[in-house]
Amino acid sequence: MQFFIEVMVGGLLAGVMYSLVALGFVLIYKASGVFNFAQGALVLFAALTFVSIEKMGVPFWIALAITLGIMVLMGVAIERIVLRRLVNQPPISLFMATIGLSFFIEGLAQTVWGTEVHGLELGITDEPFDVMGVFISKFDLFAATLSGVLVAGLALFFQKTKLGRALRAVADDHQAALSVGIPLKHIWAIVWAVAGFVALVAGMLWGSRLGVQFALTLVVLKALPVLILGGFTSVPGAIVGGLIVGAGEKLAEVYLGPFIGGGIENWFPYMLALVFLLVRPEGLFGERHIERV
Amino acid sequence: MNPHRKIGDVILKAENISLSFGGVKALTNISLDVREHEICAIIGPNGAGKSSMLNVINGVYHPQEGRVSYKGHVRDSMHAHEAARHGIARTFQNIALFKGMSVLDNIMTGRNLKMHTNFLQQALYWGATQREEIRHRRKVEEIIDFLQIENIRKTPVGRLPYGLQKRVELGRALAAEPTLLLLDEPMAGMNVEEKQDMCRFILDVNDEFGTTIVLIEHDMGVVMDISDRVIVLDYGKKIGDGSPEEVRANPDVIAAYLGTSH
Amino acid sequence: MASPQALQVNAHAPSRPALDTFPKLLLNHAAVRGNRPAMREKDLGIWQTWSWAEVAAEVRAIACGLAARGFARGDRLAIIGDNRPRLYWSMAAAQCLGGVPVPLYQDAVAEEMVFVLQDAGARFAVVEDQEQVDKLLEIRDRLPTLTHIIYDDPRGMRHYQHDGLHSFAEVLGDGRVHHDEHPHFFQSEVDGVGADDIAIMLYTSGTTGNPKGVAHTYHSMIVTARNSIEAEGLSDQEEVLAYLPMAWVGDNLFSYAQSMVAGFCVSCPESSETVMTDMREIGPTYYFAPPRVYENLLTQVTIRMEDASPLKRWMFNYFMEHARKTGTRIVDGQPVSMIDRLGYWLGNLLVYGPVKNVLGFSRIKLAFTAGEAIGPELFDFYRALNINIKQLYGSTEAYVMVCVQPNGQVKPDTVGTPAPGVEVKIADSGEVLFRGPGVFHSYWNRPDATAETKTDDGWVLTGDAGFFDDDGHLKIIDRAKDVGKFTQGGMFAPKYLENKLKFFPYIKEAVTFGDGRDHATAFINIDLSAVGNWAEKRNLPYTGYTDLAGQAPVYELIRECVEKINADLARDPRLGHSQIKRFLILHKELDADDGELTRTRKVRRKFISERYGVLVEALYSSQESCMIDAQVKFEDGRVGNIRATLKLCDVQTYPLATA
Amino acid sequence: MIYREAGQFKINYQSDSAILPIVQDRMFMIGLMVVSFLVIPVLGSDYFLAGILTPFLILSLAALGLNILTGYAGQLSLGSAAFMAVGAFATYNFMIRIPGIPLLLALVLGGLMAALVGILFGLPSLRIKGFYLAVATLAAQFFIEWALTKFGWFTNYSSSGVISAPEMQVFGIVIDSAAKKYLFTLAIVALLTLAAKNMVRSSLGRSWMAVRDMDVAAEVIGIPILKTKLLAFAISSFYCGIAGALWAFVLLGTVDPQAFDLHRSFQVLFMIIVGGVGSILGSYLGAAFIVLLPIVLNLIGQLFHGAISTQFLSNMEMMLFGGLIIFFLIVEPLGLARLWQIAKEKLRMWPFPH
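Chains as they are written, first to last, in the working numbering: chain G, 39 to 331; chain Z, 14 to 275; chain W, 13 to 671; chain H, 3 to 356.
Hints are computed from structural coordinates only; laboratory data are not their basis.
Among the hints, erroneous ones may be present.
Below, in silico cross-link-like pairs of lysine to aspartate or glutamate (DMTMM-like), each with a Cα-Cα straight-line distance of 25 Å or less [what the hints assert, rightly or not]: (1) Z:Lys152 - W:Asp248; (2) H:Lys12 - W:Asp248; (3) Z:Lys152 - W:Asp141; (4) Z:Lys152 - W:Asp580; (5) Z:Lys167 - H:Asp258; (6) Z:Lys152 - W:Asp319; (7) Z:Lys167 - H:Glu7; (8) H:Lys346 - W:Asp319; (9) W:Lys514 - W:Asp248; (10) Z:Lys152 - W:Glu193; (11) H:Lys12 - W:Glu318; (12) H:Lys346 - Z:Glu163; (13) W:Lys493 - W:Asp530.
Some chain G residues well away from chain H (every beta-carbon gap over 10 Å; in silico) [to be verified]: (14) Pro129; (15) Glu144; (16) Gly145; (17) Thr183; (18) Ala193; (19) Gly299; (20) Ala311.
Just so we're clear, the structure is a prediction, and the values are computed from it rather than from any experiment.
Glycine included, every Cβ here is placed at the ideal spot set by N, Cα and C.
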């Protein structure tokens, strides 16, 4: 039982980090209806940029600020150069464009910063500590807390601030948003910038855990089932989805893995999400869509 | 021999239909009959539930209460493709053509139900498939001729003006040789001349093929001219049902819809 | 499509009697080239095709069906509709029974049809569709003889319940039954008709008075058709598009008689709107069109090229220029240098071939034009593309062919030399007369008119004035009755001058004066779009027609045009004295609503000269300008006055070339 | 310009709906076939045949498969490589487990296995659409990759997980040389292309496009949505499966799950985006582009005599691919095939602009 809880808590904590990546998707999807496959590439780019700048001897906070600046610029550039030109295309085209984008950014990141693996030290030792007999990784807890704060902050931002409400209006109906005088282009740029920020946080957390390297882009693949479970448009959905995926995959690996050969964490979340989709196609918190004809 | 104006028995019967979307009532306890060979118009202000009614009839929406019987088949829930198989075809308020295909191919899809070769035969495109394609192509060409759209036969529908798209959509519905044709605002957004053409096509279809037609239309002149019967909906409820003259004289209808102009 | 049982023509019968009627020719084709295509129609998306054998079977069924309803020798069968195979076959079916087909102009309103139907005394009518049926029903009470109306297209006819109204299907069905019951009837009917029987009646348009029915015998039609087929080297491989009105003699010759004689295939377009695309698909080898069709095509080419990229435009212009220099020479078989040939070959690859392809002219071996004068620019454009376009001069009374331009001797301003077997002479009055195998039999019911037009020794008066040039080519200048005289002698042919003026794209209409005067003068209407374009390119601002017409640079432009004509006229000793000395540009466009043009857009010279008498007098005075105050009818029906002061412009004239 | 269509009229529906209704196009196709089948195998170098043309043809086939599903039926898939893998491994297993089985039969059976798996993963398409479905196909990608690596049975318990292709023989001819391999691939690809063209121009293809363009209307017409989608998944996977088997046997000679990873799926997707979504020709143009681009880049790299690292080149390649995808989606969403079509229209209208 204790082992079960340990596995579960570990999974949940990892899940919060999935949520963090998924959050980047939700932000952009909510505001512009774009399923941004390039979020993973942004994570890689952010982490690589930060590490490389820090390696030049720039102090941590300044490196962080510079990276943040670069990410904001990048978000705005993406919106300007790519998405604005695809405004009236079907969502699938936009999705494919972001796949192209992710290739481009990955190539760019490695061209600029090289391909070697960098370590990233955030100064948190990854030692387990005991909570009522359950061992919990300190790092995981830290990461989860940070993610949790960020997620909660963004949720509040969406619910409470004027800009957040504007963003939601944009997501609901572009035309309507335009007609009440919401400057669509600015909002998109802001959203991309925020997404860049989220990518930076995710990149640093994931980077310090896995090392900053190409494999970071693969966290995007972890975030997808989270999104399916949680629904593309829901911030709380991203959190709950992340928790389910995190806990589910760890438990499955531990309890199911031995029977079917192990290494199932790559596909298990997907299968979980798929089965879930068949029951509830709009996701856990997604809005049901009535097709009008 | 001549089905014109010879109105037959009830073929479509909707009884006590109620439909709501997430608590919003679209239709409340509506019953209506449609007789064979007649042209029946459903009118009513925006949001009266006209389109929803058509969607219930051909199985796109499933009502929470009530049932629909068509040619004696009673059902409370039928899928749209089953309705198609029973000879119900329709057009849509916002044109629902297949944008990436030519006029010809769009209308050909209307005959899909009548095409029976399997995909292996189609991969060979020899013998049965080719004969089938030719047979149906000929039938489709007759529809193209009927609707006088010969010159746009191979044009992608996306490039056509609105009025012609409506005509193509009618063609696609006709290709199925339906016994019941549902037309959702066939003349919306058309100029006078296009409306006249469309009226003629609707009357010709009814006349030449004996097709029963249920249509939703806003243009009162058109409705009064071509319908045998008019059903009036208002806020999801039926408030009138009868010949154009009767409906015109119905005080409820005048109050709710026709206003003071009559 | 056609009946499944194709006609079994007695293939092993002893040698057939002379092929002296169209039905006999048809049966012969069914026997010797039964499987070759005889007729096509674009219908249901493809070119439905009938072989000669199938056509013969259809014609037989129609004939027997007509006979079953009482159609007898000598009966007239009215035919009304667009070019449709079944209408052509009905024509042949009537001829099988010794009847006389009478095609009518399908776009005439019911009222206009009354006279012809009454005059011809048609008992039967075969019509295309509901539209034509409605017209006939509308006037039926005035047509006591018309007892049967047969329609081709059943669309919309479902509820028509009228006596004597039959669908084509009924007639065909009855005909097949009739043939089964009387298997020898058809052949004996066909055999009973001979070369000197009346084959067809074609009504002339009748600019003055009522139309007259021109009756032709089989002999005159078949000989004329055969002569031109031989002269032009046509074969049974030709492809022809039948798109001109069936009531017009030209269509009858090209789409019916010549096809029946030569055995080539005739294709009917899907509708009158699709002629262009249908033409492109069929790619005819033999083509006939009045000048306005060629002109429309050229306009289209020009307009479409204006949207092309500069490089393409340059290429087009460069090679068209080259073609104008060498293409016409190549068509006429004149010597051309190797370099020029190479240039032409390249031009053909890049421009001429593709242009012809887009127009549907790729396979044309022979193209005719007739009916009106054709502008030299226009004529040269097509010849430069290596299209052998030729003018001919003809009339209904001649079964078209009077004069044809011989290959290699094509001049834009003449109509060529007399057609094979035809003699042409010029009367002292200047009127053109002809005699030959194609001369008509008589005007229906009008012995008086026949006698007026046809002399006892077979000469026919054309009513046109003309003369032979030095090469023996006929030059038609005007209607004989319109030709006037200058005071000091010499012929004044107003239409000739006006046509020459109108060949300039800048001039839309022209009216010339000179009868009873000592020189010619002209009113000009500029072409607003052409001159407007020209003005825009020169940054010449203008507010509308009247403003533009009064501007000095425009006068200068038109003056140059007129001078060119004068220079041209000066070269011809017979016409040199009709050089235009003065002209003015009218302040308003001549308009049919104001009675200045006929509905077919011909200028009503007399009316204009009366209405604008002040201006005419001014042209013959020494005034520099003249005030005019004229009433106009606006498009919304209001009447108003336009007052303007018009400039009068002198033009240089040239000394006559020595004769 | 080269088109001379006047006089090419159709007197029946067969010729009107022919694959190549214009004579000049037919001539071109015949010429292309003659060159491909007779001239190239004789004149082409081994590198050209085995290093460029054969992979090009196989990838074209995979792109064609994906185009059927994504381009025609409108179902976005990110798992084409997984179906290629199924085809490759299934064919391998049929060959080693049924002694004496003819190569072609094994190939077809392998394709059918891929089709079966395709249907399985296509089932969710009834309920989910768009990128939800795309994500579901990712499940196929990861699951199949995992299963093939994890279970030794698939690889016949080869220790390295990599298996070698047995000798290939068709009608008694051993396919060993580059030319033979090329011809074998070409024949299969040509036949399957013809079949695909036939399917998309008959009622099945129209149903696919109807479902793609407006699924509600398609259903109202009576098109069975699930059956239509599943057929698209099945046929698409069959094509991918055959392509996978050819990739493994004819091209590589070994079968390795890593050859069919997510990257390959993306590569195939890029081909149809660049080449043209919903176009058979586009599958070829896209494949040619994606196959040739790295080769050209390499040549450019060689020009600099090693001054450019291969790492740099491969990063450049990634950027270039990504950039091109975006470029095409923005500038010409229907890809090279559309450009080709426009060029053809221009030639037909030459010298007129429209």
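query: Which of the numbered hints above does this structure break?
result: Hint check: 1, 4, 5, 6, 9, 10, 11, 14, 15, 16, 19, 20 fail, others pass.
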